[in-house]
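Engineer: Chains A and B are the protein sequences, given in the same order. Heads up: the first sequence runs through residues 0 to 619, numbered per numbering that gives the first Met the number 0. Heads up: the second sequence runs through residues 0 to 619, numbered per numbering that gives the first Met the number 0.
No lab work stands behind these hints: they were computed from the structure. Wrong hints could be hidden among the right ones.
One copy or two, either will do: identical chains are not told apart, so a pair holds if it fits within one copy or between any two.
[Said to hold, decoys possible] Here are the simulated lysine to aspartate or glutamate pairs, DMTMM-like style, with alpha carbons at most 20 Å apart: (1) Lys393 / Asp308; (2) Lys393 / Asp101; (3) Lys393 / Glu405; (4) Lys393 / Asp313; (5) Lys393 / Asp218; (6) Lys393 / Asp37; (7) Lys393 / Glu120; (8) Lys393 / Glu76; (9) Lys393 / Asp578; (10) Lys393 / Glu185; (11) Lys393 / Asp567; (12) Lys393 / Asp573; (13) Lys393 / Glu54; (14) Lys393 / Glu475.
Because the structure is a prediction, the values reported are computed rather than measured.
There are 2 protein chains.
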Amino acid sequence: MRDTTAPAAPVVPTRGRLRPLGLDEVRITGGFWGERQDVNGTATLHHIGSRLESEGWLPNFDLAAAGTLPEGRRGREFSDSEVYKYLEALAWEIGRTDAAADTALEQRFREVVARVAAAQEPDGYVNTRFGRPGQGDRWSELEWGHELYCLGHLFQAAVARHRTRPDADDGLIEVARRAAELVCHEFGADGRDAICGHAEVEVGLAELGRVLGDQRFIDQAALFVERHGRGSLAEIEWGQEYFQDDVPVRDAEALRGHAVRANYLSSGATDVAVELADDGLLDALRGQWDRTVERRTYVTGGQGSHHQDEAFGDDWELPSDRAYSETCAGIGSIMFSWRLLLATGEPRHADLIERTLFNVVATSPAPDGRSFYYANTLHQRVPGVEADPEGTSKRASSSLRAPWFEVSCCPPNVARTFASLAAYVATADAEGVQLHQYAPSSVRTTLVDGRVVAFDVETGYPVDGGIRVTIVEDTEFALTLRVPSWASGAAVRLRTGDGLIEHAADPGTVEVRRAFRAGDVVELMLPLAPRLTTPDPRVDAVRGSVVVERGPEVLALESIDFGADIVDAVVAGDPVENDGSVRLPVRNRTSGEVTDAVLVPYHDWAQRGPSTMRVWIPTA
Amino acid sequence: MRDTTAPAAPVVPTRGRLRPLGLDEVRITGGFWGERQDVNGTATLHHIGSRLESEGWLPNFDLAAAGTLPEGRRGREFSDSEVYKYLEALAWEIGRTDAAADTALEQRFREVVARVAAAQEPDGYVNTRFGRPGQGDRWSELEWGHELYCLGHLFQAAVARHRTRPDADDGLIEVARRAAELVCHEFGADGRDAICGHAEVEVGLAELGRVLGDQRFIDQAALFVERHGRGSLAEIEWGQEYFQDDVPVRDAEALRGHAVRANYLSSGATDVAVELADDGLLDALRGQWDRTVERRTYVTGGQGSHHQDEAFGDDWELPSDRAYSETCAGIGSIMFSWRLLLATGEPRHADLIERTLFNVVATSPAPDGRSFYYANTLHQRVPGVEADPEGTSKRASSSLRAPWFEVSCCPPNVARTFASLAAYVATADAEGVQLHQYAPSSVRTTLVDGRVVAFDVETGYPVDGGIRVTIVEDTEFALTLRVPSWASGAAVRLRTGDGLIEHAADPGTVEVRRAFRAGDVVELMLPLAPRLTTPDPRVDAVRGSVVVERGPEVLALESIDFGADIVDAVVAGDPVENDGSVRLPVRNRTSGEVTDAVLVPYHDWAQRGPSTMRVWIPTA
């Protein structure tokens, strides 16, 4: 059994193939993700904190503490959860930057915790939307009330804080513990035989159980997982699959229904399967992941084909033009994949995480970190409109990135993911360290037998395909590098005092096991030439089209680069890379003219004003 | 100016290129549509009447009369409208069958009218959902309240009754007149500057104004039309275009937003343009029709690409697998097209009516007339489930046809359309008669100069392509026959005592002008060989696929005929017709096996139990 309090990481299972490394063991030191972490820390967190105040979602807690609710309450029924995700993001950011107690970040964190704690009822209940005279009764609207969902996010925030600042006396972990005990009391085996309409409490309870060493919370998470699929939630227009209450988790074939709910539930179910050593449940989840990735996932890693219910479609139902691909569903997919990666060690889970990070999560925020995509279409037919910088947008509006949404789950979800991103870079096992994601970074950890592993990673990835690992301390260990599934022709090179060895590295993983000396260098060379990808013939929506990919990035054609409406674009040749930009010969169906159009990484689209855009481009 | 009270038809403009003929002038005597009219009259009307009782939507009027509302009220805010559409359907059916006063049909009609009349307030207001203590105030929820929408259907019912039984003393026309006067008082030029969130009152007021010769009602319809597009309705998640309140009617480029609302508004706007001789408005509507048919209409004639808001998509956004294609939107499109046909005489409007009748409206009801499709997908990936015959279904559920819906607009809309269908078959002008739709029928009318035109139509259409018109009375007149746009190679043949003349008839119309003698025969021969249709290259969703059409019918491939899941179907040859069935060589992508699969008319799909189905079939 591992010490699950120790690594400063979001997920610390007691068992599994790989051991996570915390923010104290892995630091991202620059590059593509380092820049985004900086913007997140300097701009996004401030932006979110400011909006939570001005929208009234944080002041709701003050009203609760003052006993004046429901009068003056603002926001949707789940607005508390955004405060908790914000707290979680602050906690990771404090941990990531090792912020001192007198910094504004730490003071802000403590202020928000104090406001939340003041709103907690004596019995542990905390929610600004239910339970008071003039409000709905506690737990009376399980389909749409989101009470347990909000608590799940509270638990994740408390876990983040406890793992990054185990000795902090801010009281957040106690707020969480008391709320979790109430949940166990109300919803335990002798309590309400019920679930929340939005999964999340499962993953929160499991991790809180791990961090507090309290099996009751893990058992409660298991109860919630098992209760899904029994139809206890009311039928709604979109069916009980919307809530994953149609089929028991262990009997399902694929993720279905609301894509965020589905991924959060699968994440919690994976935690439960690992903690309870329930291999049957774990196998079911692995099968669901496989089928979902094969048949219900966009080339960007995005999930969710329906606007109506923000839901997965049927197998092969992946329209570009109505792709919902909610940012939060992408984050949920990363949560699920990461848990399976820790449990199984299989690199395809890290492949999907990379695809989703670069093409969904990185697409959401604007470069200034102050506006976001909620949904991530793969085909924009009509130029979007500039969002009002002071306004609040509809979630899937056909706009440029917007500063805030009526349902604003995505901005704080991006913030907590970026702040904790180093935790997804590397893992350890008894033999050594596995590098899953490539970014300039430093890794310092101690293996279970006491060997100290220390190395630095330098890379210009994903612009450049070379990843250079320099050993910092003499240690014998196995360094395992992921070779992405698209990276045919990759090679690995070892430079030591003894000379240079180079060999091919097939997609999957490549291991270099050696008594390393400080200064030894392991280089992985990933071929990044732009490539044309054809769709599975069963995906009707993009038949007769191709997508250009380069390394982990999906590229997009914008009207501004084509010089005409992209409705007329037809591929007229192979993509060519020159001077750092990828160009594709594109014929205008109407004029017949062929343009060498620059393609942009999909995550960079719509940054030069309104445009039309497509990821899949017809070939005839 | 024409007598707009006289023809027993839903739409009787005072001017326009063509004059409608009423149910007393045109009778459908059998065949494809005659069978459907019979089922409608014998089964569907009873089914709807029974459900309106058991669901409480008709009893709501009794509660209103008893003064006990809101207690016990059932159904959605627009449930009154279904009662009015039912009344309209009964009125047409009574007219169509020339039912005597002592028939159950006529007695039922009078009973329902009496119950509605009893619920009318002294000032003319009638609605079971608003205006009483404990209900919302009158006109307080214009976005979603549907009060004016319901009244529009009341007006259409009263018009149907007055045109089919002008001397009836049931009082419905007075109920409508008093309600319309209230609407003019409340929403006139000096009243509320507002519109209803669901267009319909415009078309109802215009026709009521025609039938009563009351210009105030037409002017009020014009006011409502002009007020659209000024943003007086609140912003909702789907934008003000949902209500067509984003752009003034005369400035819009295409139909947009909710597809039923858009078509109903366009129909009312056409009525207004014709009555007020507003050529600018009429031209705008014609342009919108053209663009909508080119870019926003399915091959079935279906309209509406989005489930979320039951709305049109962008240009070329026509996914098969999430086609909404609501039955009521098809009926709305027929309403709009019919008004443009009367105004302009252009046969393409009749072409679309035919396409939509055969492939949307005829698809909705099951052969027994007791269950219906609300939405009409063009691609079913997962077998649907049998609907509970006693239950109430979600509107766009992935089921077989269902007996009733929570929002049950479609069944009574189909019923009123079928009952009045003869009114869409033929028109007259000063020179003669135009046949627009082909069905076994008899036509007896008098031209404006007193000439009596009488002929019978015999045809097995659409199974058979021969349409045989036999002149019944000696008259000199011009008989104009529509040659559908798909009917290249058609021919027309005239058989008289003088011999036989045959010549080619190009798509459009063909006119035979002659001093006809009784017994003369005009035959139109439409080529019905199955044909492969390729999509516009700008429609992404069906790129690389073809559809098989035969005459006016779109054909579909069902899994039961392919012998495997249609996800694996690839066209492997040309369709061939043999012994009355069309077969298409279809290769199984997985097994490689080629099957000569029977294709069924799309309107007949899902009649042999759950199946998967596609209309567009990949070619590679």
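Engineer: State for each hint whether it applies.
Structural biologist: Here is what the structure says about each hint:
1. Lys393 / Asp308: Result: close both inside a copy and across copies, 15 Å intra and 14 Å inter.
2. Lys393 / Asp101: neither (38 Å within a copy, 57 Å between copies)
3. Lys393 / Glu405: For Lys393 and Glu405, the Cα distance is within 20 Å only inside one copy (6 Å; across copies 27 Å).
4. Lys393 / Asp313: Answer is between; shortest inter-copy Cα gap is 18 Å, intra-copy 26 Å.
5. Lys393 / Asp218: Neither way: Lys393 and Asp218 sit 38 Å apart in one copy and 36 Å across, limit 20 Å.
6. Lys393 / Asp37: Answer is neither: 28 Å inside a copy and 48 Å across each miss the 20 Å cutoff.
7. Lys393 / Glu120: neither (33 Å within a copy, 40 Å between copies)
8. Lys393 / Glu76: Classified as within: same-chain Cα gap 16 Å, cross-chain 25 Å, threshold 20 Å.
9. Lys393 / Asp578: neither (39 Å within a copy, 55 Å between copies)
10. Lys393 / Glu185: Classified as neither; 35 Å inside a copy, 33 Å across copies.
11. Lys393 / Asp567: neither (29 Å within a copy, 38 Å between copies)
12. Lys393 / Asp573: Intra 38 Å, inter 47 Å, cutoff 20 Å: neither.
13. Lys393 / Glu54: Close inside one copy (15 Å), not across copies (35 Å); limit 20 Å.
14. Lys393 / Glu475: neither (55 Å within a copy, 63 Å between copies)
Hint compliance for this structure: hints 2, 5, 6, 7, 9, 10, 11, 12 and 14 are broken, all remaining hints hold.
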